[in-house]
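Construct the entire structure; sequences and hints are all you get.
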Amino acid sequence: MNQTIRSSRAMMIRGLLTIRRLPSAFFPSLAMPVFTMIAFAGTYFAITKIPGFPTDRSVNWFLPLGISFGSAFSGIGMGFSTIRDIETGFYDRLRMSPTSRLSLITGPLFTAWIRSLMLCAFVIPFGIALGARFTGGLLGILALVAASLGISTISLGWGLGLAYRFRDMRGAAVMQLTMFIVLYLSTAQMPLPLLQGWLHAVARVNPVTNILRLAREGLVNTTSPDYLSWNNTWGGLLAIVIMATLTLIFAGRGLRTLDK
Amino acid sequence: MSVLAMSGHTEVTPHSFGLAVRQTVAMAKRSTLEIFRQPALVAPSMIFPIFFAALGASSFEKTTNLPGFPKVDSFLQFSIAATVVQGVLFGSVTGAAALATDIQNGFFDRLLLSPTTRTGILIGRLAGSAIFGALQAAFFIAVLWPFGGKIESGFIGIAIMVVSGGIVALAIGALMSSVAIRTGSAEAVQGAFPLLFVLLFFSSAFFPRETMTGAYRKIADFNPISHLVEGMRELVLSGYTTSALMKAILIPTAVCIAAILFAQTELRRRLAAK
Chain A
0 MNQTIRSSRA MMIRGLLTIR RLPSAFFPSL AMPVFTMIAF AGTYFAITKI
50 PGFPTDRSVN WFLPLGISFG SAFSGIGMGF STIRDIETGF YDRLRMSPTS
100 RLSLITGPLF TAWIRSLMLC AFVIPFGIAL GARFTGGLLG ILALVAASLG
150 ISTISLGWGL GLAYRFRDMR GAAVMQLTMF IVLYLSTAQM PLPLLQGWLH
200 AVARVNPVTN ILRLAREGLV NTTSPDYLSW NNTWGGLLAI VIMATLTLIF
250 AGRGLRTLDK
Chain B
0 MSVLAMSGHT EVTPHSFGLA VRQTVAMAKR STLEIFRQPA LVAPSMIFPI
50 FFAALGASSF EKTTNLPGFP KVDSFLQFSI AATVVQGVLF GSVTGAAALA
100 TDIQNGFFDR LLLSPTTRTG ILIGRLAGSA IFGALQAAFF IAVLWPFGGK
150 IESGFIGIAI MVVSGGIVAL AIGALMSSVA IRTGSAEAVQ GAFPLLFVLL
200 FFSSAFFPRE TMTGAYRKIA DFNPISHLVE GMRELVLSGY TTSALMKAIL
250 IPTAVCIAAI LFAQTELRRR LAAK
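Protein sequence lines correspond, in order, to chains A and B.
Residue numbering for the first sequence follows numbering that gives the first Met the number 0, beginning at 0 and increasing consecutively.
Residue numbering for the second sequence follows numbering that gives the first Met the number 0, beginning at 0 and increasing consecutively.
It is worth saying that the hints were derived from the structure and are not from the lab.
The structure displayed is predicted, hence computed values, not measured ones.
Incorrect hints may have been included.
A short, non-exhaustive set of chain B residues, derived as facing chain A with CB atoms under 10 Å [unchecked claim]: (1) G55; (2) A204; (3) F206.
Example chain B residues on the side facing chain A (calculated, C-beta under 10 Å, incomplete) [stated by the list, open to error]: (4) S57; (5) L65; (6) K70; (7) T100; (8) Q103; (9) L195; (10) F196; (11) F200; (12) F205; (13) R216; (14) T252.
Beta carbons: idealized from backbone N, C-alpha and C, even for Gly.
Structure, rendered in structure tokens:
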């Protein structure tokens, strides 16, 4: 167990060093959430005037979306790094080293979490400067951070699982595309009651809708039914636990196929 | 001896002009075939705009009653112009990336050494993007029409939008080709792609300018993409008008001329540096 923790820590430090050594790979995951937040909040400024919209500030609605995209790409970024390591042969050396297999997944997981926290630390103040207000106070921020960590865990499991199976950069395109689509086919742009047609049907069963509700519960109006409460929290947490478990199992099985 | 000197320059005569046209057509054929031979490269620029149009239609249908929103049958009808411009912008990067690949693998130098006009090399390369842009515009209109994306200006409007799609692709292709010629790197061309994304989002492509406020509204007011999309949108929503024609054709034409001149300057700079 101690060895797993030590190895995970070493893997995590290696992942974090990559941020310093290859900032061009990390910078987009910081810039993209900020861009998403500004572009969506500016473009769709008027949607807050629709009766039933849960907040009167568009930036309140789109700040969690930006962070969710950024967190998803934090996890997927570790999938990219793993593909690079597999292609260069470095991953074979890691697999041959006398360390636990678990650390090959938990190490990148810790890195993805730290990247997500860095993202939140950068984007939340930026959003507040642009006019976002946490109606749920500190608990609202915690809910958003929890959702961010959850999304990065899910995307990391998915990214690693695909990296182990594709073993080349074709996997990177699949990772991005699938996460992008899953996030969009939810309440990414509009609340569930205001969605119509096929998207309403899809978003209703998409677990990401619950995670976004968790992320936004501290930013919507206090009178909104989606405002901070246990009822709006547990669904998101459950969705994170189930999706993270499934994707991490997917990654674990992928690692075993790599060993074979 | 420089590449410029080796390839030689001849005085333009009717005979040489005809030859230049034939050379340009030959290179245009090559660039067009290249696009259609790599469907995986162009598929995203066909599928994603349709995906976003479908997503927007379900997400924002209720916004069509907001104050400042133009009179529309559906949000899908409102978003046709944005879908066309979005798809064409994204698709036009492919041609410039192919030019950068030609530079990387040395084929571009072989073209420069051959007795071919410089403009022909450039226009021939971009012609594929222009044809693809026009086809994209026609494809988006054809796919969205049955779902409520009616074009009020009828056949004339569709023809203008298709031509506009081709010119936009040529303009953006020329701009991106400048990046390709300057850097000689396909990665750099792809790296410049997010700038198009920013340009598109900070415009009135996805939502009417009348509903925006503050700095965002001011940026959208100055952004030429806003006026281009609004020209096309006028053709979709209100029918044919001269102002719509001017916006949909003249704006991309002006950008196109400036971009081609800039790309030629970059080409001359590259040749002088050799």
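Tested hints:
1. G55: holds, 8 Å
2. A204: holds, 8 Å
3. F206: holds, 5 Å
4. S57: holds, 3 Å
5. L65: L65/B check passes; min Cβ-Cβ to chain A is 5 Å, inside 10 Å.
6. K70: Check failed: Cβ of K70/B comes no nearer than 16 Å to chain A, outside 10 Å.
7. T100: violated, 17 Å
8. Q103: violated, 18 Å
9. L195: Violated: closest Cβ of chain A sits about 13 Å from L195/B, beyond 10 Å.
10. F196: Holds, because the Cβ-Cβ distance from F196/B to chain A comes to roughly 8 Å (cut-off 10 Å).
11. F200: holds, 4 Å
12. F205: holds, 5 Å
13. R216: holds, 8 Å
14. T252: violated, 27 Å
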